[in-house]
Amino acid sequence: MIVLDRLTKHFGATTAVDQLSLTVPTGSICALVGPSGCGKSTTLRLINRLIEPDGGRVLIDGTDTAGLAPVTLRRRIGYVIQSIGLFPHWSIARNISTVPELLGWPEARIEARVDELLDLVGLDPAQYRERRPHELSGGQQQRVGVARALAADPDLLLMDEPFGALDPVTRDGLQAALIDIQARTGKTVVIVTHDIDEAIRLASLIAVLDKGRLIQQGAPRDLLSRPVTPFVEAFVGGPHRGLRLLQVTPVGERTDYGNVTSGEPIAAEATLDVALERMVAGSIDRLPVRDRAGRQGTLSLADVVAREVTGP
Amino acid sequence: MSARALPSTGGIHHLAGRPAIWATLAFLAALALLPFSDPLFHALFPELQRPLYTRASFVDLALSHAALVGVASLVVVSVGIGVGIFVTRPAGRDFAGPVDTLTAVGQTFPPTAVLALAVPVIGYGGAPTVIALIAYGLLPVVSATIAGLNAVPVAPVQAADGIGLSPAGRLLKVELPLAAPVILSGVRTSVILNIGTATIGSTVGALTLGSPIIEGLSGSNPAYVLQGAILVGLFAIATDLWFDELEHALH
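So the protein lines, in turn, are chains H and P. Each residue of the first sequence is one higher than the one before, starting from 1 at the first, in my numbering. Each residue of the second sequence is one higher than the one before, starting from 1 at the first, in my numbering.
If we strip away everything but chain H, and leave its shape as in the complex, we get:
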């Protein structure tokens, strides 16, 4: 569990981070979102002490990070940046093994770990191990960047706009890879992004920052259905708030289980945007639904557009 406790950072006369308190549960993905200059990257860099706070504390599993040597702390925390920053003069394998080498792992363990990580991020070890960074595409390089961050098996992964410089298709693939990796490894992830769709897709906890202050935190659905200020409403929803709500609402919640319709059923765990897409594509207003237990039901277009049950 990561606890940010009244964290404060000034740069000259400006307050970059202002009394920010936030708790990120172990094993969750937390997205720090907000406009440029809101303090989200600064907050991330305060966590691994790339910059030192002027006030407040960071606790990782109860330990105050101020008591650790910064270099020791950082070797225990994965770090991924937008500009990737692979070491161009080293092979992919050596890039990934940087931190294990610093920690003095035996060579055989490092080699096995490199292959394991390349597999994890979806790159064939035999093909990529000995390549140089410049021989890889941007997306592949960032996969290596993620592998390097995970090399020493840190419990916490910090990501500073990790997919911001990639094209939409590549970004999509890496987001899916991150969801998969997080599900398989149970890492705690704090990701900075200005892309609210990315935050909604990846995070179970979103913290909206503005001018260094935490404005609202909560599950994506909470933020979309109950924004506390017009700023949050505009930032997380904007003109697409209704559509984004569909993305975070499961089909099962709107299904009428007393009613069975014929056809290829949609999973109850799928989200409403997928259901709506199928209705539009098939020019139909009813879809058969089946949940994990095998229960059958029907989702109608009226159910899709019904008012959010938990709404204001």
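What the hints contain is simulated information worked out from the structure, not anything from laboratory work.
A few chain H residues facing chain P, derived, Cβ under 7 Å:
#: 1; residue: Val71
#: 2; residue: Arg74
#: 3; residue: Arg75
#: 4; residue: Tyr79
#: 5; residue: Ile81
#: 6; residue: Ser83
#: 7; residue: Gly85
#: 8; residue: Phe87
#: 9; residue: His89
#: 10; residue: Val99
Here a beta-carbon is modelled for each residue, glycine too, at the ideal position from N, C-alpha and C.
Go by the hints and put chain P onto chain H.
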């Protein structure tokens, strides 16, 4: 560094494509053959009584010349790179300006003047020559080190900090290797300059390939000047081409 970038050294036809080896052979051949070139220089300079320099053996001159340049270059490289590193660290950044000025002064100050000032203090011979070469050779190394380190891309440096390299680890493992080609080109400039500059050491009694040149100039013996100049030229060319090899190996 990866080994696969090194050119293969096997086979005689590989030698043919490596000018550094040819230039070195030419230099060695000149050293070996000049003592037997009396008839040639008599023919070229019929008006001279003794057209072949014999006061010291050319091999001794070359060895002494190489030693002076070598010692000066060792100091220049260690001090120059050290200073370059220092002024690019947070602690030394304030010194960047003064160091820049100082090294520039070192290079604009004529080496002959350095010799003239040094001799009364430390006497004649190799020592004042080495001092003059150090003063003259520092600028290219210091400025190349600064330029090379400042040109290291930001992203790998940020990543190095973020994943937990210490400042020294970052310097040794990331910054210096990435700056190495630029630093090496500065070392190359410095060494080549000083192979030429070392010849003036012979004006204060150092044994160098400049000895025949200086004596030839003062004694109106152009044959001596030619012999010294040929050897210094070949020495500089061969050394320069070996730096070429080194730069290729680094890529």
